[in-house]
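Visitor: Fit chain B to the supplied structure of chain A, relying on the hints for placement.
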Amino acid sequence: MTTVDRIRTMLVQDYKLAPDSLTLDARLEDLGIDSLGMAELVFNIEDAFALSVPDTAVTLTTLGEVVGFIDDLIAARDSEVTAPEVLSLSAGQAP
Amino acid sequence: MRRIAVTGIGVVSPLGLSPQEVFEAARAGRSGIHRLDIPGAHRLAAPLAASVHFDGSEHFEPPQQRLLDRVSQFAVVAARRAFADAQCDLTDIERERTGVFLGTGMGGTLSMDDGYQTLYGQQSDRIKPMMILQGMHNAPAGWIAIEHQLRGPALTYSTACSSSGVAIGEAWLRLASGALDVAIAGGSEAPLSLGSLKAWEAMHTLASVDATDPATSCKPFSKNRSGMVLGEGAALVVLEPWERALARGATLYGEIIGYGLTTDAGHIARPSVQGQAAAIRSALASAGLSAQDVDSINAHGTGTQANDSVETSAIKLVFGTRANRVPISATKAVHGHLLGAAGALECVLSLLALQHNVALPTMHLQEPDPQCDLDYVANVARLGAAGQTMLSHSFAFGGTNAVLALRAAG
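Keeping their order, the protein sequence lines are chains A and B.
Everything in the first sequence is counted per the working numbering, starting at 1 for the first residue and increasing by one.
Everything in the second sequence is counted per the working numbering, starting at 1001 for the first residue and increasing by one.
This list has only true hints and no planted wrong ones.
SDA-like, lysine to any residue: derived pairs with alpha carbons at most 20 angstroms apart:
hint : chain 1 : residue 1 : chain 2 : residue 2
1    : B       : K1128     : A       : L51
2    : B       : K1128     : A       : G37
3    : B       : K1128     : A       : E46
4    : B       : K1128     : B       : G1195
5    : B       : K1223     : B       : Q1305
Just so you know, the hints here were simulated from the structure itself, not pulled from any lab data.
Keep in mind the model is a prediction, meaning the values are calculated, not measured.
Only chain A is shown next, with the shape it has when bound in the complex (with noise of 0.2 angstroms):
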């Protein structure tokens, strides 16, 4: 399954949004998502695709942003190429 999939499969299971309203420029705001929802959503996606969201405050508003965050971080970490903005940290550890 794709990311878009995988994680409109999340958005369908677990908050019961309705899959034709998962479009990739459908707003996180207009899903019912705020930052408390982002939070929720952003630990099980760490779960589902094994992956550590680094702490660092990125603004993301689409669905579709989302979706290439997460291929990004997939990207960077299956190739061990590390950028300063993709970098998994654990706490204190320097680049």
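Guide: For chain B alone, kept in the frame of chain A given last:
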């Protein structure tokens, strides 16, 4: 002070999920206490509890259920039932003058326990983002306010075993004075996490498992009583001015006529005869009654050596030579100790007992204690014995005592 009626009841309890079920079980003496079978129960010296058959997924969609600890789920469902029962269609303006008054002793214990298991048990940093929102004591009241759009005060009282007696009393005060027009009041508790069970066990205050029948392990006022049994659940009542209730043809379950609130200021756990007696007297004064006017009592009656002896002495102190002519019902024998929700469940049972004019039985009282020699309505309900006026006692660790004075509607 306005007269205040109880016009709706919602319960989620070890005795059942409706007022009728709960009353019938208590009247018949059917115990909701059982052997506990949860992960880790083998680590409990006496794996006993009064639990509720409750599946949150039957009441909530996943996105909301994830935000709600079991304590909030109980409270929200009980509130739905109480408001449905009361049928009091509130206007927007009325919602601004409606308050939520909720008692809980321990808040969202299951969510907290789960989080600590992650942190310390699994040595993982993966704490769920919702843990704070689930665990906080004020979550149940907050969710009730959100669901019913209630914009008056949404308050949470945490005074251990008297929390919901306090909550109902505090709601009554605001309504009686005219500060508010409607209230939903009561309590919720979901303390059956392994962590909290072990913590209670560590105090050596829990009952041992009865060898013949675990369901009879809680034996208030009995010579062979060995302690309390923890219970879970929620009970909520809708309160509104008597005149308003009459005018709209509401069901009148009864009336709250007084509220005694005192503090022992003695020992952090040990009950005080003087403190309990003062609370009883305070309730009587608040209702404009004398001890002569009380027909029956729903006791705190936890089944511990300490409480039951002290409560007996306190009743004797207040009622004098009349003490042994007042029927005293200790219903924790069948529903367990719901801690922060105990006062509310027992208030509900008291109102129903008054409504049916039945003194509920104190079950499992096979060996009378010479030190507890009053009339505890042993083992069999007594028709015609509730009378018109009943007191409901809630005494607590920390020393906050709440006594509600209740009157039959008829």
